[in-house]
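Asks: Taking the hints into account, I'd like the entire structure generated from these sequences.
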Amino acid sequence: MLIELKDVNKTYNNGQPLHVLKGIDLSIDKGEFVSIMGASGSGKSTLLNILGILDNYDTGEYWLNGRLIKDLSERQAADYRNRMIGFIFQSFNLIGFKTAVENVELPLFYQGVSRHKRHALAMEYLERLGLKEWAGHYPNEMSEGQKQRVAIARALITHPQIILADEPTGALDSKTSVEVMELLGQLNREEEVTLIVVTHESGVANCTNKIIHIKDGVIGEIEMNSGHDASAFGTATIMK
Amino acid sequence: MRLDINTYHEIADSLLRNKSRSLLTGFGIFWGLFMLLAMLGAGDGVKGLLKSTFEGFASNAAIIVSSNTSVPYKGFQEGRYWQLKYRDMERMKTLIPEAGVVTPMISQWGQTAVYNSQSTNCSVTGVNADYVEIEAPRLKYGRFLNEVDVERGRKVCVIGKRIYNELFPDGGDPCGTFIQVGSVFFQIVGVNFSSGTININGNTSQKVVIPSTVAQKLYNRGENVDIICMTAKSGIKMSSLEPRVRQVLGREHYFDPKDEPAMMFLNTEEIFTLIDTLFRGVDFLILLIGLGTLLAGAIGVSNIMMVTVKERTVEIGIRRAIGATPRDILSQIMLESISLTLIAGMFGIMFSVLTLSVAEKIVAASGEFTPEFQIGFWLAVAAAALLAVLGMLAGLAPALRAMNIKPVDAMRDE
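Those protein sequence lines, which keep their order, are chains A and B. Numbering that gives the first Met the number 0 puts the first residue of the first sequence at 0, with every later residue one more than the last. Numbering that gives the first Met the number 0 puts the first residue of the second sequence at 0, with every later residue one more than the last.
It should be emphasised that the hints constitute simulated quantities derived from the structure, not laboratory data. Take the hints with a grain of salt, since some may be wrong.
FRET-style restraints, in silico, Cβ to Cβ [claimed, not checked]: (1) B:A383 / A:R188: 56 to 64 angstroms; (2) A:E126 / B:K18: 29 to 37 angstroms; (3) B:N17 / A:E191: 36 to 44 angstroms.
Below, simulated DSS-like cross-link-like pairs (lysine-lysine); rule was C-alpha separation at most 30 angstroms, straight line [what the hints assert, rightly or not]: (4) A:K214 / A:K21; (5) A:K174 / A:K214; (6) B:K236 / B:K46; (7) B:K139 / B:K46; (8) A:K97 / A:K131; (9) A:K116 / A:K131; (10) A:K97 / B:K139; (11) B:K139 / B:K309; (12) A:K29 / A:K69; (13) B:K405 / B:K309; (14) A:K5 / A:K97; (15) A:K97 / B:K309; (16) A:K97 / A:K116; (17) A:K97 / B:K405; (18) A:K5 / B:K405; (19) A:K214 / B:K405; (20) B:K84 / B:K236; (21) B:K405 / A:K29; (22) B:K405 / A:K21; (23) A:K69 / B:K405; (24) B:K50 / B:K360; (25) B:K216 / B:K92; (26) B:K46 / B:K360.
Since this is a predicted model, take the numbers as computed values, not measurements. Cβ atoms here follow ideal geometry from the backbone N, Cα and C, with glycine treated the same way.
Replies: See the structure below:
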């Protein structure tokens, strides 16, 4: 198993204690294309933050690729994030004063990769995502779909074990959403990237091969969805 | 911390992103350093100018001139004039062993010096060879008067710069030639180019200096002396000798030693101490203002960096999410602060050097002074080091704040 969560609990202590994750058990294998679906407040973002080592959990165990992720120093956490995990965010989170190619290069900068090498690599990824001509453009000169593709290139460039996508289509129109989801599916099929998508849109979840429903901090149903026919609304398109 | 070309690229990127803000922030540092260095340089320059006025003048000497008494003493009425005599010097040397040189001065005003067809106004001053202890000459040609000149009453003279320029417009060494002062010919033995503007009894540049013995006879002065100049032996303050001088001369000439106006005692030590104190005060003030301005600039940098960090929370969060360690963030913010401070400061140093050299040129062109306004190399190096430290201190608080940004918080911040 690539990812194994055993009885993970998380409580926020902002004034009133808020028990967000109540014993999550979850395993995700290499090469899976999974979505985590739930309403807002269900704990799906917290789960994603823990999976992405952006946040700590209180009790339980999180094994990532055979390594126990617990009580890491900031430095180790940063290193794991850099090498094992790629992030795709709802609002793309590109750095506005850097060009597309510079944004894609950034994870490699923190790995200490030389300037030439990372530039060449970043260009290669941009080309694969059809953005070669846009390499020198700044994020605000690009369409939403293009920005998300830049973000995907940035997530891919370090060859991470998993890619975590937090509402990757949240800021996109339905047509672009379909394109992005198809792109993610394609990456999963062709490059065998493990993809975990967090969403509250059933249409987006329907594009994935496995849907994990989370409700009130516990895992509900786990739906196998290899036929992509789980949602009545999502078979044809993504509803907005 | 990765200190390579990429790091510099990152820093340049973020500083250039908001050019006007970086510029304005840097201006505080620029101005602070400019003020500090320009004032230090100008202060030193003015100090040098003032010092050149005292050039060659003994710093622990006294000039004694007789005057009218202001109180009745030993049966004499007040308002009586008394006269300094040659034998007073012997008396002072014997009774005040702490005195160094005691030497006379006899002056004759309104004379005319003539050489061939050239002539110029001058004053004639008779001194002894040891007068050099009081006012060191800057001899362009020849020598000063020596003891043999004085002893034998040789008709030789040392002329001042102005007289030399007037009488010898073609230049050249005039030593050995004779000039006529009044009805007497004197052979020139030296030319004094001293430019100090503190002079006793007339401007040095317009003096014809002759042996006191000659002046005594020539101008029919007898035993009378106009001025007695004295120095104190090293380690002894002139001001401590003043009451003793008053006592010795008062007893001889029947005036009350406590009668201040009866005898003028001009103490150069007091003047020099006063000026020294003044300079020290000015130095302190310059340092206070300059460092204060610089500090204000540094606080400005710190403040702006604080705002910048706040504004860049999301960006820093993204960096953290994709693998930047807290240390990467810390060093980035620190280096941004140091770079901004150093670059602005370097411009400050350059601008102050430029300003000072222009000021130097202007002052040099307008007068006979050659001022030295320019700051020293090591002062500039020290200023640069100070800048680095200031930049580091300024970056510290913002960098620590940036370091504590959690990626999760940053994402939530949108």
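Asks: Next step is simple, just say for each hint if it's right about the structure.
Replies: Each hint, compared with the structure:
{"no.": "1", "hint": "B:A383 / A:R188: 56 to 64 angstroms", "in the structure": "59 angstroms, holds"}
{"no.": "2", "hint": "A:E126 / B:K18: 29 to 37 angstroms", "in the structure": "32 angstroms, holds"}
{"no.": "3", "hint": "B:N17 / A:E191: 36 to 44 angstroms", "in the structure": "43 angstroms, holds"}
{"no.": "4", "hint": "A:K214 / A:K21", "in the structure": "10 angstroms, holds"}
{"no.": "5", "hint": "A:K174 / A:K214", "in the structure": "29 angstroms, holds"}
{"no.": "6", "hint": "B:K236 / B:K46", "in the structure": "24 angstroms, holds"}
{"no.": "7", "hint": "B:K139 / B:K46", "in the structure": "25 angstroms, holds"}
{"no.": "8", "hint": "A:K97 / A:K131", "in the structure": "16 angstroms, holds"}
{"no.": "9", "hint": "A:K116 / A:K131", "in the structure": "17 angstroms, holds"}
{"no.": "10", "hint": "A:K97 / B:K139", "in the structure": "70 angstroms, violated"}
{"no.": "11", "hint": "B:K139 / B:K309", "in the structure": "69 angstroms, violated"}
{"no.": "12", "hint": "A:K29 / A:K69", "in the structure": "21 angstroms, holds"}
{"no.": "13", "hint": "B:K405 / B:K309", "in the structure": "13 angstroms, holds"}
{"no.": "14", "hint": "A:K5 / A:K97", "in the structure": "40 angstroms, violated"}
{"no.": "15", "hint": "A:K97 / B:K309", "in the structure": "19 angstroms, holds"}
{"no.": "16", "hint": "A:K97 / A:K116", "in the structure": "18 angstroms, holds"}
{"no.": "17", "hint": "A:K97 / B:K405", "in the structure": "22 angstroms, holds"}
{"no.": "18", "hint": "A:K5 / B:K405", "in the structure": "25 angstroms, holds"}
{"no.": "19", "hint": "A:K214 / B:K405", "in the structure": "26 angstroms, holds"}
{"no.": "20", "hint": "B:K84 / B:K236", "in the structure": "25 angstroms, holds"}
{"no.": "21", "hint": "B:K405 / A:K29", "in the structure": "29 angstroms, holds"}
{"no.": "22", "hint": "B:K405 / A:K21", "in the structure": "23 angstroms, holds"}
{"no.": "23", "hint": "A:K69 / B:K405", "in the structure": "17 angstroms, holds"}
{"no.": "24", "hint": "B:K50 / B:K360", "in the structure": "19 angstroms, holds"}
{"no.": "25", "hint": "B:K216 / B:K92", "in the structure": "24 angstroms, holds"}
{"no.": "26", "hint": "B:K46 / B:K360", "in the structure": "17 angstroms, holds"}
Comparing the model with each numbered hint stated earlier shows that hints 10, 11, 14 do not hold.
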